[in-house]
Amino acid sequence: AQSVSQHNHHVILSEAASLELGCNYSYGGTVNLFWYVQYPGQHLQLLLKYFSGDPLVKGIKGFEAEFIKSKFSFNLRKPSVQWSDTAEYFCAAGSYNTDKLIFGTGTRLQVFP
Amino acid sequence: DVKVTQSSRYLVKRTGEKVFLECVQDMDHENMFWYRQDPGLGLRLIYFSYDVKMKEKGDIPEGYSVSREKKERFSLILESASTNQTSMYLCASTRGTSGDYEQYFGPGTRLTVT
Chain F
4 AQSVSQHNHH VILSEAASLE LGCNYSYGGT VNLFWYVQYP GQHLQLLLKY FSGDPLVKGI
64 KGFEAEFIKS KFSFNLRKPS VQWSDTAEYF CAAGSYNTDK LIFGTGTRLQ VFP
Chain Z
1200 DVKVTQSSRY LVKRTGEKVF LECVQDMDHE NMFWYRQDPG LGLRLIYFSY DVKMKEKGDI
1260 PEGYSVSREK KERFSLILES ASTNQTSMYL CASTRGTSGD YEQYFGPGTR LTVT
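Residue numbers (the numbering used here), protein chains in the order written: chain F, 4 to 116; chain Z, 1200 to 1313.
Just so you know, the hints here were simulated from the structure itself, not pulled from any lab data.
Positions of the beta carbon are idealized from the N, C-alpha and C atoms, including for glycine.
Hints are supplied without guarantee of correctness; some may be wrong.
[Claimed, not checked] Derived CB-CB ranges, DEER-like:
#  : chain 1 : residue 1 : chain 2 : residue 2 : range
1  : Z       : 1251      : F       : 57        : 29 to 39 Å
2  : Z       : 1206      : F       : 44        : 15 to 25 Å
3  : Z       : 1262      : F       : 4         : 15 to 25 Å
4  : Z       : 1311      : F       : 65        : 34 to 44 Å
5  : F       : 44        : Z       : 1227      : 23 to 33 Å
6  : F       : 19        : Z       : 1278      : 43 to 53 Å
7  : F       : 113       : Z       : 1216      : 28 to 38 Å
8  : Z       : 1216      : F       : 57        : 45 to 55 Å
9  : Z       : 1219      : F       : 74        : 37 to 47 Å
10 : Z       : 1229      : F       : 56        : 20 to 30 Å
So here's chain F without its partners, still in its complex pose:
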């Protein structure tokens, strides 16, 4: 069955710490991968996406993610977090020729000054 797993449910960091959020997917065939973010009180918005090509993808606000096909992973990284990165982060996957996505359960990130 198709699925997306996020290993960290709640992450607490101090400002300037490095961040890595795990995401693994189970999907047959070619897959599109996404990270979405939901800031407190705001709607979900796209952080970055991977369809093909360079497996290291850069997104908004200094975030990046690396697609590792052999590990079925698409981990999100940021070298130095800020208080404003406090949010919930969702990994999502979909087959290459469809708009339908499966979302992970989300990771709540809290950054303290």
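Start from chain F and add chain Z according to the hints.
Using the frame of chain F, we list chain Z on its own:
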């Protein structure tokens, strides 16, 4: 800039009531989606639509129906609301053009069924 709007941010309904949640997008997108978001469960797809009057069940369609009479509007209907349908409901849309699968989300409707 794509805008997806939802008719209410907060809604309180009684058990057994019929509930309508409305979603409108202003960018002529082909595809629209309804999710519910629950803590620890992430987003789960209820229904989606690839065209006017077309709909497909998602992962959790039980207790819900949808309507898409116009391209820009996608309604979620709870025929007889129950307490286990208390949740945050999110609407999303996609352009539908091959190669662009980004979903654009509305602000959500937090529904409480008492």
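These are the hints, each one checked on the structure:
no. : hint                         : verdict
1   : Z:1251 <-> F:57: 29 to 39 Å  : holds, 38 Å
2   : Z:1206 <-> F:44: 15 to 25 Å  : holds, 18 Å
3   : Z:1262 <-> F:4: 15 to 25 Å   : holds, 22 Å
4   : Z:1311 <-> F:65: 34 to 44 Å  : holds, 37 Å
5   : F:44 <-> Z:1227: 23 to 33 Å  : holds, 28 Å
6   : F:19 <-> Z:1278: 43 to 53 Å  : holds, 51 Å
7   : F:113 <-> Z:1216: 28 to 38 Å : holds, 37 Å
8   : Z:1216 <-> F:57: 45 to 55 Å  : holds, 51 Å
9   : Z:1219 <-> F:74: 37 to 47 Å  : holds, 44 Å
10  : Z:1229 <-> F:56: 20 to 30 Å  : holds, 25 Å
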